[in-house]
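For this one, chain A is given, so just place chain B on it according to the hints.
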Amino acid sequence: MRRLRAWRHGRGNWQQARWMALDIETNGLSPKEDAMLSLAWVPIQPPVIALDRTGYSLLHSDTTLNQSATIHQLSSSDLASGRPLKEVLEAFTHDAQDHFIVAHNVQFDRSALQAALARAGMRWRADGWYCTLLAEKKRLERAHNVLPHGSLTLAASRARYGLADFTGHHALHDAIACAELFLAQAYRSSNGQSIPARRILKDGR
Amino acid sequence: MTSDSQDIRSFLQQTPPFDALDADTLKLAADKMQAMYLCQANRDEIIRPDRPMLFLVRSGASDLVDKDGQHIERLEPGDLFGYPSLLTGRAITNRLQVIADGIVWTWSAALFDEMRRRSQAFERYFMNAHGQRLLAEKGGQTGLDWTEKTLDSVLERTPVSIPSAASIREAAIKMSEHRVSCLLVVDDEQLRGILTDRDLRNRVVAAGLTTDTAVAAVMTPMPAVVYARESLFDALTAMSQTNIHHLPVLDDQERPVGVITATDLMHQQRSEPVLLINALFKARDKEALVQEAQKIPDYLRSFAGRVRDIGTIGRLLSSLTDGMTKKLIQLYEQKHGSAPCAYVWLAFGSQARGDQTLGSDQDNGLLFADEITDGQRQWFADMATYVCDGLADCGIRLCPGDIMAKNPVWQMTRLQWREQFQKWVRSPTPKNIMHSMIFFDSRAVAGNTTLYRRHREEVAKLAQHDMFLGNIARHIGELSVPLGLFNRFRTKSEGEFEYIDIKKQAIAILNDIVRLYSLSAGLTVPATPARLAQLRGKSPLNDKDNTNLLEAWQFLTQLRLNVQMDRRYDGVPANAVDPEQLSTLQRRQLKAAFRVIKNAQQGVSFKFGRNM
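Those protein sequences? They're chains A and B, same order as listed.
Going by the numbering used here, the first sequence opens with residue 1, and the numbers climb by one from there.
Going by the numbering used here, the second sequence opens with residue 1001, and the numbers climb by one from there.
Only chain B is shown next, with the shape it has when bound in the complex:
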């Protein structure tokens, strides 16, 4: 006998995704659920590896931790857990640390499946948990999204390798014996290079070399590599950035453990990003490239529906923009000859950080070797115009502030860039600070990486200047987070529309704060999560605040992408979020994220403001 409790129903009705269930299914959920009393003493009776269930916190609070005791998330009333195991069928490995005893409501696997079958919205909520950051485990532990799998989980066999002193003939025999298309060249467990069957064609046969030649002479020395702990997505990004199809995989001791190929990535289920990147690279001319590029927004919308961590989308977009840039440079070189001297195509801002959105504009520049001549400069000026206009045709709009490689102001030698950065650092007026921040997020998209590294390290040193950092802190302190008195949202209004500019009023401030910490630590990586990872364990940012900033950043960027993907009509600012349109849970999370930013804002004025 079951009965109908109004209390239970009304709590469920306010809790996503139960709020999306029709009356019959909601009744089913209410009738068939059970409650459990959860305390530290009985937590292991409740979460049992052999019995996956959906859990909803009704009262009390717990921390979800992984098997190594790493904190995943704080669970409070209204929060759900347990569904990753239900969805993947994998054993439960996470545990709870109970902070306050309380009641959890539970549904069996069969009921969970039945509810998902009955309601698409309910199903989608769990599949696309991307919008609900608090529901998502960090670091791709659930395995829902193939791009988040680590490389060591997909590497199937040990690498076939050969010493660098071996002959090409030995190499060819080894390749045919093992039926592989590439060999790792390894001496003393250290990777020296990579040799592919294409190298044998192009560098041996076509060049008329004898097969007695040592492998060292024809291999690609010091190839791009990925690490076993990195994700398939990282491999994909590396492949598209370098346009190569074989990547050696190293362990943390730099020992080669395998090779990942584009074909391996294709074999993983959802290979569309690979196909898309390949299509961009195969474009014969600008028209074909533009045609492929126009598919990106639609493609991303469908891809976004399938990945768990929508943060992937920002990285994917950046990496697609990188790919288009490189392709345009390559097309230009085909017509006008190769670049006449060492240079770097720089990406700034969101493209550099890897949090690009569909609305992001171009931010790029050029870095030259100091000995460049005027004639050579002209070649680059023309190339930059071609590339920037080409990117605009591909949908990456021109920068309204003219921070573009085609603007002569941002075509500079290493010395000129250094002077420019020095000027910003030495006279940190509010205007200079505001104007220069974007340039401290940079990445080399094409060209000479050694030149870039030297430039970037110089800039990092310049920036470690107390007064400059103090002024950045003051600038950050003046930015307003849209959280008012009594924890209420402060919205802007534009006609009928009340909204929060989630980029300007939140994400940008958070990026500013993290940039400040990484400037002070002399870091050179541009991505906010990567910066936070490198800042971990380093004062003056303690690990708890570090985690909070990362989670807030993930939540905000995901929310922004979600809102942009769902946008039904134009005429609304690209980064506008209307709090009224969010679920109760999202509103709560948004406030929590704003509070994190506010606290961090106060933190930086305290830590860096004193140096003034």
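So that you can see chain A by itself, here it is in the shape it has in the complex:
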């Protein structure tokens, strides 16, 4: 039943579809092993980014922070006051029910999310995934043969669409930035036409 609903969701107009940008900060580069430190999500109803319904949580953790702390700027005391993993994941899966999930580097966020869900003993599936990084890579590869190093970061991708600078590596900022990039890509791809969501999803897969 759920799969059938997701299939129907994909056949509808992309602007009427339910999209949700997601960003996860972890304590390292290995999504499966390193602990999730913060999680942010931002609903997208094209052309609206519902900043009034975003979610952002620090996760409770007593793991020692490693080198990644210099990037995400979270401190041990921040994390000590964070919320329990299960509670945060329940809030997220509730808001993100029946949504297509949008992330910059889906491979990472998806693995991190799945590892965290497994740790919390939960099961959850998105209606589909859209990767703004992959979409950008495909688009650029059509134009160039070799992509210069660093041209696919969130900031570099956004700059190509004239989107404003943002303070990166804060889960909420990254999720909003990713939502904006998604709309830029999707509006460019749909070119003012009403096309099904699955066509957009295909760009980011």
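It is worth saying that the hints were derived from the structure and are not from the lab.
A few of these clues could be false.
Just some of the chain B residues that point at chain A, by a computed CB distance under 7 Å [said to hold, decoys possible]:
(1) Arg-1009
(2) Leu-1012
(3) Met-1036
(4) Tyr-1037
(5) Cys-1039
(6) Ala-1041
(7) Asn-1042
(8) Arg-1058
(9) Ser-1059
(10) Gly-1060
(11) Thr-1093
(12) Gly-1102
(13) Ile-1103
(14) Gln-1534
(15) Gly-1537
Ranges of calculated distance between the beta carbons of each label pair, as one might list FRET restraints [stated by the list, open to error]:
(16) B:Asp-1022 - A:Ser-111: 39 to 45 Å
(17) A:Ala-50 - B:Arg-1118: 54 to 60 Å
(18) B:Leu-1479 - A:His-144: 49 to 55 Å
(19) A:Ala-50 - B:Ala-1091: 23 to 29 Å
(20) A:His-149 - B:Leu-1479: 50 to 56 Å
(21) B:Gln-1006 - A:Lys-137: 25 to 31 Å
(22) A:His-169 - B:Arg-1488: 32 to 38 Å
(23) B:Gln-1097 - A:Thr-153: 27 to 33 Å
(24) A:Ala-156 - B:Gln-1097: 51 to 57 Å
All C-beta atoms, glycine included, are put in the ideal place defined by N, C-alpha and C.
Using the frame of chain A, we list chain B on its own:
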């Protein structure tokens, strides 16, 4: 669930008027807003007539255009739009032309109201958008300011008219049938004159005429008129300039479409200017006039807080000065008999242009018919002394350069003025150019308008002289706009105080540039916006530069008035603006205005300098 984004807050904190919100309200603004991706394909989903919102540009750029596609303003990051509909409750009619896709932040009408309720500064920012030119739509489209309404929007009924051959008796019957106090006298759809109930009293009954006499004999022929597309303010100005209370309104084909009366203007909400002008006119003697005139600065401060287009203030001040001048002349005539020959009281400079400020001094002169006698000259000399000193008592200070009607040098016949202008045009030394420019901005305040028109047309012809124009261009090229290397302000310092003289270093140069174009085109109107309007579509000034000059002029004159109204202490030069005291947005706009002037400066040396 909402969350706190530092990025959003810090952008809002740098963006007026959000920078004026307290922490709680700023949090509300940040928590409850939404973002939208704006591109050409979805612009109509975003601005919907049925859903007014406040929009803030976060990235990208668009042009706001009205329903006829007329450009209103360029919207860039930090710019706001959508609030006129929120404030007036009128449907959105403007559209966007998206130049670069980007993100706009939005707030619902309810949130906008809540923020306005919580913060006076926020409320004031939108109500008094006058200081923020980029936020203000041109041409009074928002309807916030009653004086900017067009006449056709307030005319309630078709005019009651009568042919000129009809009898006075028929006219009186028609007036009482229609319960009107005046009739338009119309033949073949053309306005011939106006007949008021006062005319019936004074020119018929008191004069003992029979009621069989034709209307044509007692009407006021060729009365002053206004046009339906003009604003209430224009009607107000015309009424105060002519001291009449009924103005026929014509359409663009010169057909009468109605009558606007002083009472109509009073019925419009904020009628204080009418009351003030009436009070000036009703003054019985000079003392009473001076007493009324002293109320003007306070009155203007409160009026300025309510009008959207503070440019109105400059026109209002000029028109009040006109009114005081006429009243003083009238008072003088009551004691010493009427003027012994045809003359014109000339206003020069800012009074003529209609951009007078509270600090402006007098610039005036007298023009006589050529056949004036020495004895008649003496009458005018005495009258001019009385009027100039009277104006000074009313708060319009004497001219330090002595360009005043009471100075015998500026009391001349038409021939003498022509010789004077010829001298300036034929020997355009830098000193002559500098000295003469003010005289090319002139207007007749009182006296014989035909005499003035002949004089003004002569002057316009004289000025179309290549070498003269070339020298003006060179003079303009030597003036320095206070924008230095790397786009930084160049301020003057005086003791502790660093400032820009916004009149000398910007507005005057801009007026010089526009004057040069209008001299070359042979125009006779003095006001800078009116000159630009007449120059539209005419080479060598292209329409884009024309629009830029107009916008820069509006912004600069508004900023100057704002700064003057807000001035808390004396001892600062009247036109000084300290860039440090301005908001980020205003600083950016000021730089943009300076750049417009700089470009136009180069433009005139290129276009007119070559003729040398």
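Structure-based check of each hint:
no., hint, in the structure
1, Arg-1009, "violated (11 Å)"
2, Leu-1012, "violated (12 Å)"
3, Met-1036, "holds (5 Å)"
4, Tyr-1037, "holds (4 Å)"
5, Cys-1039, "holds (5 Å)"
6, Ala-1041, "holds (3 Å)"
7, Asn-1042, "holds (5 Å)"
8, Arg-1058, "holds (6 Å)"
9, Ser-1059, "holds (4 Å)"
10, Gly-1060, "holds (6 Å)"
11, Thr-1093, "violated (21 Å)"
12, Gly-1102, "holds (6 Å)"
13, Ile-1103, "holds (6 Å)"
14, Gln-1534, "violated (39 Å)"
15, Gly-1537, "violated (34 Å)"
16, B:Asp-1022 - A:Ser-111: 39 to 45 Å, "holds (44 Å)"
17, A:Ala-50 - B:Arg-1118: 54 to 60 Å, "violated (23 Å)"
18, B:Leu-1479 - A:His-144: 49 to 55 Å, "holds (51 Å)"
19, A:Ala-50 - B:Ala-1091: 23 to 29 Å, "holds (26 Å)"
20, A:His-149 - B:Leu-1479: 50 to 56 Å, "holds (52 Å)"
21, B:Gln-1006 - A:Lys-137: 25 to 31 Å, "holds (30 Å)"
22, A:His-169 - B:Arg-1488: 32 to 38 Å, "holds (34 Å)"
23, B:Gln-1097 - A:Thr-153: 27 to 33 Å, "holds (32 Å)"
24, A:Ala-156 - B:Gln-1097: 51 to 57 Å, "violated (28 Å)"
The structure fails hints 1, 2, 11, 14, 15, 17 and 24 (numbered hints given earlier, in ascending order).
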